[in-house]
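Chemist: Spelled out from the first residue to the last, the chains are:
There are 2 protein chains.
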Amino acid sequence: MSSNDLYKQYTDIIHKVVDIDYASAVLQWDQETYIPEKGAEFRAQQLSTLSGLAHDIYVAPELGTIMNELIKAKLSDRIQSRNVELSHKDYFREKKYSTDFVIEISNETSKAFHNWVKAREENNPSLFLPNLEKLVELKRREADFLGYEDHPYNALMDDYEPGAKVKEIDVLFTEVRNHLKEFIKRIAAKPAPKSDFLFFKYDKQKQWDFGIDILKQMGFDFTAGRQDISVHPFTTSFNPKDVRITTKVEENDFRSMTWSCIHEGGHALYEQGLSSEQYGLPCGEACSLGIHESQSRLWENVVGRSLNFWKANYSKLQNLFPENLSAVSLEDFYKSINAVKPSLIRIEADELTYHFHIMIRYELEKRMIEGSLKVTDVPDAWNEAYKNYLGVDVPTYRQGMLQDVHWSHGSFGYFPTYSLGSFFAVQFYNTAKKEVFDLEKNISEGNMKPLLDWLREKIHKHGRYYNPQELCEVVTGEKLNYRYFKQYAEEKYSNIYNIG
Amino acid sequence: MSSNDLYKQYTDIIHKVVDIDYASAVLQWDQETYIPEKGAEFRAQQLSTLSGLAHDIYVAPELGTIMNELIKAKLSDRIQSRNVELSHKDYFREKKYSTDFVIEISNETSKAFHNWVKAREENNPSLFLPNLEKLVELKRREADFLGYEDHPYNALMDDYEPGAKVKEIDVLFTEVRNHLKEFIKRIAAKPAPKSDFLFFKYDKQKQWDFGIDILKQMGFDFTAGRQDISVHPFTTSFNPKDVRITTKVEENDFRSMTWSCIHEGGHALYEQGLSSEQYGLPCGEACSLGIHESQSRLWENVVGRSLNFWKANYSKLQNLFPENLSAVSLEDFYKSINAVKPSLIRIEADELTYHFHIMIRYELEKRMIEGSLKVTDVPDAWNEAYKNYLGVDVPTYRQGMLQDVHWSHGSFGYFPTYSLGSFFAVQFYNTAKKEVFDLEKNISEGNMKPLLDWLREKIHKHGRYYNPQELCEVVTGEKLNYRYFKQYAEEKYSNIYNIG
Numbered sequence: 384m385s386s387n388d389l390y391k392q393y394t395d396i397i398h399k400v401v402d403i404d405y406a407s408a409v410l411q412w413d414q415e416t417y418i419p420e421k422g423a424e425f426r427a428q429q430l431s432t433l434s435g436l437a438h439d440i441y442v443a444p445e446l447g448t449i450m451n452e453l454i455k456a457k458l459s460d461r462i463q464s465r466n467v468e469l470s471h472k473d474y475f476r477e478k479k480y481s482t483d484f485v486i487e488i489s490n491e492t493s494k495a496f497h498n499w500v501k502a503r504e505e506n507n508p509s510l511f512l513p514n515l516e517k518l519v520e521l522k523r524r525e526a527d528f529l530g531y532e533d534h535p536y537n538a539l540m541d542d543y544e545p546g547a548k549v550k551e552i553d554v555l556f557t558e559v560r561n562h563l564k565e566f567i568k569r570i571a572a573k574p575a576p577k578s579d580f581l582f583f584k585y586d587k588q589k590q591w592d593f594g595i596d597i598l599k600q601m602g603f604d605f606t607a608g609r610q611d612i613s614v615h616p617f618t619t620s621f622n623p624k625d626v627r628i629t630t631k632v633e634e635n636d637f638r639s640m641t642w643s644c645i646h647e648g649g650h651a652l653y654e655q656g657l658s659s660e661q662y663g664l665p666c667g668e669a670c671s672l673g674i675h676e677s678q679s680r681l682w683e684n685v686v687g688r689s690l691n692f693w694k695a696n697y698s699k700l701q702n703l704f705p706e707n708l709s710a711v712s713l714e715d716f717y718k719s720i721n722a723v724k725p726s727l728i729r730i731e732a733d734e735l736t737y738h739f740h741i742m743i744r745y746e747l748e749k750r751m752i753e754g755s756l757k758v759t760d761v762p763d764a765w766n767e768a769y770k771n772y773l774g775v776d777v778p779t780y781r782q783g784m785l786q787d788v789h790w791s792h793g794s795f796g797y798f799p800t801y802s803l804g805s806f807f808a809v810q811f812y813n814t815a816k817k818e819v820f821d822l823e824k825n826i827s828e829g830n831m832k833p834l835l836d837w838l839r840e841k842i843h844k845h846g847r848y849y850n851p852q853e854l855c856e857v858v859t860g861e862k863l864n865y866r867y868f869k870q871y872a873e874e875k876y877s878n879i880y881n882i883g
Numbered sequence: 384m385s386s387n388d389l390y391k392q393y394t395d396i397i398h399k400v401v402d403i404d405y406a407s408a409v410l411q412w413d414q415e416t417y418i419p420e421k422g423a424e425f426r427a428q429q430l431s432t433l434s435g436l437a438h439d440i441y442v443a444p445e446l447g448t449i450m451n452e453l454i455k456a457k458l459s460d461r462i463q464s465r466n467v468e469l470s471h472k473d474y475f476r477e478k479k480y481s482t483d484f485v486i487e488i489s490n491e492t493s494k495a496f497h498n499w500v501k502a503r504e505e506n507n508p509s510l511f512l513p514n515l516e517k518l519v520e521l522k523r524r525e526a527d528f529l530g531y532e533d534h535p536y537n538a539l540m541d542d543y544e545p546g547a548k549v550k551e552i553d554v555l556f557t558e559v560r561n562h563l564k565e566f567i568k569r570i571a572a573k574p575a576p577k578s579d580f581l582f583f584k585y586d587k588q589k590q591w592d593f594g595i596d597i598l599k600q601m602g603f604d605f606t607a608g609r610q611d612i613s614v615h616p617f618t619t620s621f622n623p624k625d626v627r628i629t630t631k632v633e634e635n636d637f638r639s640m641t642w643s644c645i646h647e648g649g650h651a652l653y654e655q656g657l658s659s660e661q662y663g664l665p666c667g668e669a670c671s672l673g674i675h676e677s678q679s680r681l682w683e684n685v686v687g688r689s690l691n692f693w694k695a696n697y698s699k700l701q702n703l704f705p706e707n708l709s710a711v712s713l714e715d716f717y718k719s720i721n722a723v724k725p726s727l728i729r730i731e732a733d734e735l736t737y738h739f740h741i742m743i744r745y746e747l748e749k750r751m752i753e754g755s756l757k758v759t760d761v762p763d764a765w766n767e768a769y770k771n772y773l774g775v776d777v778p779t780y781r782q783g784m785l786q787d788v789h790w791s792h793g794s795f796g797y798f799p800t801y802s803l804g805s806f807f808a809v810q811f812y813n814t815a816k817k818e819v820f821d822l823e824k825n826i827s828e829g830n831m832k833p834l835l836d837w838l839r840e841k842i843h844k845h846g847r848y849y850n851p852q853e854l855c856e857v858v859t860g861e862k863l864n865y866r867y868f869k870q871y872a873e874e875k876y877s878n879i880y881n882i883g
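Heads up: the sequence lines are chains A and B, in that order.
With our numbering applied, the first sequence corresponds to residues 384 to 883, in that order.
With our numbering applied, the second sequence corresponds to residues 384 to 883, in that order.
Hints may contain errors.
Stated by the list, open to error - Derived lysine to aspartate or glutamate pairs resembling DMTMM-like cross-links, with alpha carbons at most 20 Å apart:
#1 B/K421 with A/E668
#2 B/K757 with B/E520
#3 B/K875 with B/E565
#4 B/K599 with A/E420
No wet-lab data here; the hints were simulated from the structure.
Could you build all of it, start to finish, from the sequences and the hints given here?
Modeler: Below, the structure written as structure tokens:
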């Protein structure tokens, strides 16, 4: 059989699998947005049937045989060749999961999620800790059968951030900690910017309209996507031409909807920028969670909390909410949305203290997985770490170790990508500033197209062709380097806080 | 293997297939309600993958073998036994479809739909007739491989209305025609009720709220379903606990939304009333399209256009739209919503002339399928029939043979179920009046629960346990008999039109 025919067989199978996966994504999106209360029961069964089917079709020997042939044939097309290489890796990784293990972890996460919700409601970690313990044990087994060098946590991180290693993250996070701890101390010594006006009443419909307006300005294509309301904002994609984001609108916290729009919008622009021709194939998929997060945080923080962005948008906002903002200058508004203040809740943190939230979770996870921290000790260890790193007392477990859903989903190794994404974001943006003529002048005039075009060309269109660190090198000339974030943070916040 | 184990194997396979089918239904619902413009392309591919998968799993020999064993084992549970009997019939019917035929008809209907839309836009049947010709040919082939007695159209009707026969429909429709032609003539001799106020401006949001209110009154469970907006109103179900209806709101035609709410609400109550325990199995499925339509038309016409119904709801409506209705008495409103007037468009027809729309399509379809009417002669035959039966001239093909989507979908044998449903509806309601204490008094007070409870108990809960005519006999003591509709029509309209 010719390589062309073989490649066609390969894509036919992959397409079948991703068609099912994307159908599941539609069902999940519906579950978060429009499903009636009682609809969840059979929906869970339908989703489980679909994922079982996709798994069965994927791991059948046929695909492996075809890919082995294709690798032997040495495809000349570099994209095709890379697709097969990555699918081959994915395939043999997936094959390591026994059906028993898949069922066991799916059952355990269902129970864990249920008990996490209850534990959170009742502020009682002991309702959730037995499940957490079981999941940690399963994740250790998973690391074992996946295989790893040095540290079992490496096997888990690899699923989210290919190539990420404990050894390197430890070095990076030490640098981050040393820098930010000191810098935040200097900020804390300065008076906090006034920000009460962000918590006045903001009409929900006007907030929604403003958010849609910002998304359009960013270049989100509403003929290839939409925004809806959900309890927790998220982005999902059914193909590059149908990318959905959600948001929630809080009447008494203007920050909530606007920056979740911009954040999810950043994720969505990445998804809309992936190649339609490579639909479902590795080179049509996002590079990693870290790179995905680089896109959301680039837009949310580096752009969306910049003075230039608000030069373009603040008068519009003042016109929408004169009762709250007519007496607030652009400068004061800008300072208020960048207030740095240690706090309890990760998703409400400013862009500097945020990284302590991540580093705390990373340390706890790593120690749970390596066995040096007993799960029953996590609640105390959590509170201690928050006191130690952020100087805050954790008054309830709900605001402590029970705040995030990830562990109940069995997602260990995921958190570090949030920080990696933030650092990638600044490093990418730094290059964009050099390569794009008048980048910031355009942003200050509400023209985001030059930035989006650059991101499309440099990052989005490649999909998984490069791994994250390679991509960073191709785009910026070097691997991830914290000094870009450090420099960005110092410049921005020295100015805001008047630090000499 | 025990019968229990075998039965479990049977339900496992069926559940897998229906889980996929219901997932497709979610994707289709989304396609009609929320999908962004560019999302349709990959959505079509995803849907085609899902339906291919469902078909493959269904027709694999395994299911047939299991069911043959189960039939031999003679299950003692009457529901289980009936499930297997019906699935067995469905299975061997489905097996008659070769993959080639399925692909051919799917391709042809895609093209036909596309050209129907174009033909309609341009008012030019010749753009669609070649597709129609091809589809008629395919449908004749389908009738041949499915097998039939007497008339090939029987094989096609059977898919929508099990057991329906040309011979019987011909007899029924002759009776209908003879009766209605005469009766409508007598109505036409009387002055038409005033109805201009139905076409004043009705605020869309208020109409929507009123529709939701009516649906709640009918007993539609909004925790197990929802209503959204779409171009063409429809009902779809993903399981009895997640039933979705859609509507459209017209500012200058009050009738449009209200009665489409009630109509789709009737379908939806049926779906919500099906057995959850029998999810996906024949006894958890709707009996037939005719019975389905009996539920929608019972609510839409027999209840929703009755004086009692509006006794309960008219003052609410007047309060919502005093500018249009404060000077219109209940009596006059009731007459206006029951005005009988021959017209061009089926879906806008009153409940008497409606049946001519159906009979015309039935005759044309039957003659196309038997080969006594050439497809190229359909446009003229259509116009002639409308002149002949309804006395109206068809000014454009758009208002003529191009008005309905069904033929472009390859749905032949579907239309008769609309009339059957209307006649079933009245016959059922007639029995309900006898069996339910104070039925109409309750309706006139806005209490629909006694009616719904009766429908649940007598019709909904049985699913496909009985075939349509058996169900009619079980519920009403006799098979479908036009005299109930005749009597209902004469009583109601003699009163409205003051016919002695």
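Chemist: For every hint, state whether the structure bears it out.
Modeler: We went through each hint and held it up to the structure:
no. : hint               : in the structure
1   : B/K421 with A/E668 : 19 Å, holds
2   : B/K757 with B/E520 : 11 Å, holds
3   : B/K875 with B/E565 : 16 Å, holds
4   : B/K599 with A/E420 : 16 Å, holds
In the structure shown, no violation is registered for any of the earlier numbered hints.
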